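K.L.:
The primary structure of each chain is shown beneath.
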Amino acid sequence: MTNNGKMQSVTLRVLRYNPEVDQKQHFQEFQVEYTADTTILDALHQIKAEQDGSLTFRRSCRHAICGSCAMNVNGKNILVCKTPLRTQLDRKNRVTIRPLPFLPVIKDLVVDRSAFWEEYQRVRPWLIAPPEAPEKEFRMTPEEVEALHNAETCIMCGACYSSCQVVALNKKYIGPHALLKAFMRVMDPRDTEPGERLDEVSGSDGVFRCHTIFNCIDACPKGLNPTEAIETLRKLVQKRQAFVAARQERQKTLLPVESSTAPAAAD
Amino acid sequence: MSDTNTIVHDVIVVGAGLAGTWAAKIAAEQGVRDVAVLSKIHPLRSHSGAAQGGIAAALGNVRPVPDSGPRGPLEQLPDGATPVDNWELHMFDTIKGSDWLGDQDAIEIMVKEAIDIVYEYEHMGCVFSRTRDGRIAQRRFGGHSAPRANFAADWTGHVLLHTIHEQALRHGVKFYSEWYCMDLIVEDNICRGVVAMEIQTGKIYTMRARAVMFGTGGYGRAYKITSNAYANTGDGVAIAYQAGVPLMDMEFVQFHPTGLYKHGILMSEACRGEGGYLLNANNERFMERYAPDKMELAPRDLVSRSEQTEIDQGRGVEADGQGIYLDLRHLGREKILKRLPQVRELAIDFVGVDPIDALVPIQPTAHYSMGGIPTDADGQVIYDAEGTPVTGFFAAGECACVSVHGANRLGTNSLLEASVFGRRAGYAIARFLESGASLQSVSGDPAEKQRQRVQRLMAGNGKSSESVEKISQELKTTMTNQAGIFRDGERLIQASGTIHRLRERFANARVMDRSSCFNTDVLSALETEHLLSFSELIVAGALERKESRGAHFRTDYPKRDDENWLKHTLAYQTPDGPRLAYKAVNIDWEKYPPQERKY
Ligand SMILES: Cc1cc2nc3c(=O)[nH]c(=O)nc-3n(C[C@H](O)[C@H](O)[C@H](O)COP(=O)(O)OP(=O)(O)OC[C@H]3O[C@@H](n4cnc5c(N)ncnc54)[C@H](O)[C@@H]3O)c2cc1C
Ligand code: FES
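Protein sequence lines correspond, in order, to chains A and B. Read in order, the letters of the first sequence correspond to residues 0 to 266 in numbering that gives the first Met the number 0. Read in order, the letters of the second sequence correspond to residues 0 to 598 in numbering that gives the first Met the number 0.
Note that these hints are calculated values from the structure, not bench results. None of the values given here were measured: they were computed from a predicted structure. A portion of the hints provided could be inaccurate.
[Claimed, not checked] The list that follows gives simulated cross-link-like pairs (lysine-lysine, BS3-like), each with its CA atoms no further than 30 Å apart: (1) B:K293 to B:K261; (2) B:K337 to A:K75; (3) A:K23 to B:K202; (4) B:K566 to B:K111.
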């Protein structure tokens with residue numbers, strides 16, 4: 000089943016827009032041939048190579064790790080590089096592809112993610128570590144690392160952001176992707192400013208804006224759960240003082256006594 | 000001189016992967032106020048983020064369980080026990096992996112700084128997997144004699160890239176996201192800036208700087224089956240070459256043994272590091288015949304050749320016999336979910352197979368470019384065998400050739416290389432500016448030449464309007480079939496002729512999209528032109544090098560020949576095509592003289 004070479008044909012309906020010629024977006028239909036292996040990205044490439052070189056979309060890694068290729072397919076935000084075409088056919092043997100919703104369109108399937116990146120920067124995505132770095136690593140338990148997995152593997156594709164009702168209505172909302180990043184920093188035992196971060200996300204554009212509609216969870220192609228992270232942040236906002244105190248306590252043990260005196264691993 | 004078509008910065012870094020971002024962050028941290036980074040895709044989409052398995056450094060945090068054999072389980076190093084690893088071992092493994100073509104002075108710097116840079120990543124927020132006692136976890140990797148791949152599950156590159164990008168933002172580095180570098184401005188061996196296109200508007204600018212650095216990544220896209228992202232079209236190497244900079248050791252291209260069958264998408268070497276097997280159609284662990292000691296964990300060049308031999312001798316799997324099986328089933332569900340979650344999903348998504356209970360079809364895939372822009376250990380680009388600098392021009396990472404990987408790179412050494420030499424380039428650039436380097440004048444209007452290049456692509460030349468994509472596909476097929484894992488003189492000569500014809504055809508090719516805004520049709524055409532440009536050098540270097548070393552294997556010269564070929568290739572552009580010259584390898588003849596390479 001890995002290489003079902005049988006060719007079949009399907010109609011791709013693509014929502015197109017070229018600011019230099021089009022007044023507004025319009026659908027264009029393309030016929031493409033596909034096999035069991037063909038991804039939606041492959042099909043878009045096929046159109047671009049053989050039918051219409053002006054069809055415009057972003058892509059790079061082609062295996063769901065760079066976050067370039069999030070689009071709206073049959074009404075759902077997905078990564079087209081990892082999605083086999085055969086799984087997306089509607090009853091009329093068609094696949095409908097639109098750019099990510101709620102974001103300004105630059106051209107065809109390419110959207111303007113500026114607001115998305117601004118929110119990302121607004122939460123100060125970088126770790127603010129203790130000023131004194133140890134000679135070796137800070138010690139973290141495997142459980143503490145595991146707790147960050149939900150946020151760490153976010154590829155910033157924007158699928159959640161552009162499916163979020165709150166983002167659609169309120170451009171100032173920080174958004175699920177950036178709140179997930181904030182969660183990651185708040186939860187990291189090495190971060191020294193969890194209190195300030197909690198303050199930053201607890202304003203009117205932050206965690207309490209989330210209506211827990213769960214669109215972000217449905218949309219996330221990496222199976223992450225921004226809503227849960229947002230809920231955790233909400234709880235921590237309520238317990239800010241105790242949480243900050245616990246962090247200060249924890250940071251005393253980031254560095255076991257013996258390791259600061261032991262010789263370096265090599266040298 | 001400053002007008003609306005000219006942009007000026009102190010430092011311009013092209014490339015926002017690990018190498019470029021490290022350099023930018025360090026330069027900014029060192030007090031250079033105006034550091035700009037250009038990337039043709041958003042910085043966080045850079046290919047470094049796709050790296051899975053790990054970054055090498057002899058931290059000595061784990062060791063094999065005593066008496067459990069070379070492939071037995073690992074445990075955290077007990078308190079007070081002596082580490083099984085150190086930088087000298089790492090150095091030897093790297094030299095041997097390189098088939099003695101790596102420069103040993105550069106390798107020494109890399110393996111020593113490895114330890115410190117992994118800790119620096121950790122201090123900056125990188126979330127590594129951990130041992131029970133909270134240290135950075137390590138696993139085995141091919142060609143490394145100790146477990147020294149430091150990892151974050153199997154998304155190591157992703158966390159490293161995000162971490163360094165965040166820190167660069169913190170230090171005020173300015174990012175030009177989705178800007179495409181088209182040309183490097185070098186006059187009198189002094190670099191003065193670049194020409195770049197703002198992709199969203201199609202506007203082309205001259206960008207002047209006191210120092211320019213390239214961290215533009217690899218060139219694996221010249222091959223049909225490849226693990227590389229669409230972005231890895233070797234723009235940087237081609238642009239440098241066009242600007243008169245030589246390229247070094249271009250013939251050395253690494254093929255990774257485990258690309259997903261037909262797709263080429265990588266199943267990390269961590270699969271074998273964690274204990275996976277390779278099986279042929281007869282269900283044999285065929286590596287027994289090729290590397291009885293290291294088995295599946297022999298270095299990549301050797302494993303890929305072994306696979307290809309099995310395939311060529313009729314023991315391949317799948318309908319066309321072009322596959323091999325990767326068997327992870329015995330690792331068990333828990334280990335696969337914990338250590339290899341991403342590769343499991345890739346197998347499910349792309350070949351419809353869950354490695355927990357089925358065999359994964361794989362095949363060798365073009366993976367890594369050992370060759371590139373020659374530099375010294377501070378990222379300073381050099382012009383010749385004597386080390387003459389191209390003033391103001393720096394490079395690091397996969398686009399550069401320091402050379403630490405020589406004829407074959409060991410897994411996990413390239414995230415390391417990009418980081419260590421990116422960081423060193425950052426310091427070197429700061430020192431260069433500190434020493435008074437000033438903005439140099441630019442003669443003429445270099446941007447205009449690039450505007451004409453784009454116009455030519457849009458207009459065609461009236462004679463024909465051949466599709467660029469077809470040329471690109473033919474090139475990739477040629478490179479895979481005639482300049483791939485196994486090479487010989489006859490096929491290389493054919494490849495050379497084909498590339499020559501493809502370049503002629505390219506001169507008449509035309510794109511379909513004529514708009515200025517976000518014209519990816521034009522970008523692919525420029526990228527194809529770059530592929531054609533450096534592919535010629537891969538073939539020329541391979542044809543000339545009449546020996547087999549590391550990833551370069553000539554069936555008509557199957558032996559390594561130190562007497563004649565223990566040297567680096569330098570390729571220079573001339574009006575009559577590439578001219579090849581050679582450069583000595585830095586070798587410590589007392590400590591690490593060339594030996595037979597056996598695993
Ligand atoms: C699938 C895969 C897995 C890997 N796994 C590992 C691993 O586990 N361990 C390991 O050590 N190595 C691994 N490698 C290799 C390693 O990832 C790369 O060698 C390394 O990340 C290269 O980093 P870099 O900074 O040099 O370039 P890249 O990360 O490739 O970045 C290149 C940058 O240059 C920019 N750029 C290129 N051309 C232009 C242009 N014309 N104009 C503007 N910008 C441009 C790009 O936008 C990008 O920002 C892997 C490679 C692959 C393909
Ligand atoms: S192309 Fe990278 S996520 Fe799809």
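K.L.:
What's the verdict on K293 (chain B) and K261 (chain B), does the C-alpha distance respect the 30 Å limit or exceed it?
P.N.:
Holds, because 27 Å separates the two Cα atoms, which is no more than 30 Å.
K.L.:
Against the 30 Å threshold, does the CA-CA distance of K337 (chain B) and K75 (chain A) hold or violate the hint?
P.N.:
29 Å, holds
K.L.:
Within 30 Å, alpha carbon to alpha carbon, are K566 (chain B) and K111 (chain B)?
P.N.:
At roughly 24 Å apart (the allowed maximum being 30 Å), K111 (chain B) and K566 (chain B) satisfy the hint.
K.L.:
Given the proposed pairing of K23 (chain A) with K202 (chain B), does the C-alpha separation stay at or below 30 Å?
P.N.:
It holds: about 24 Å lies between the C-alpha atoms, which stays within 30 Å.
In the structure shown, no violation is registered for any of the earlier numbered hints.
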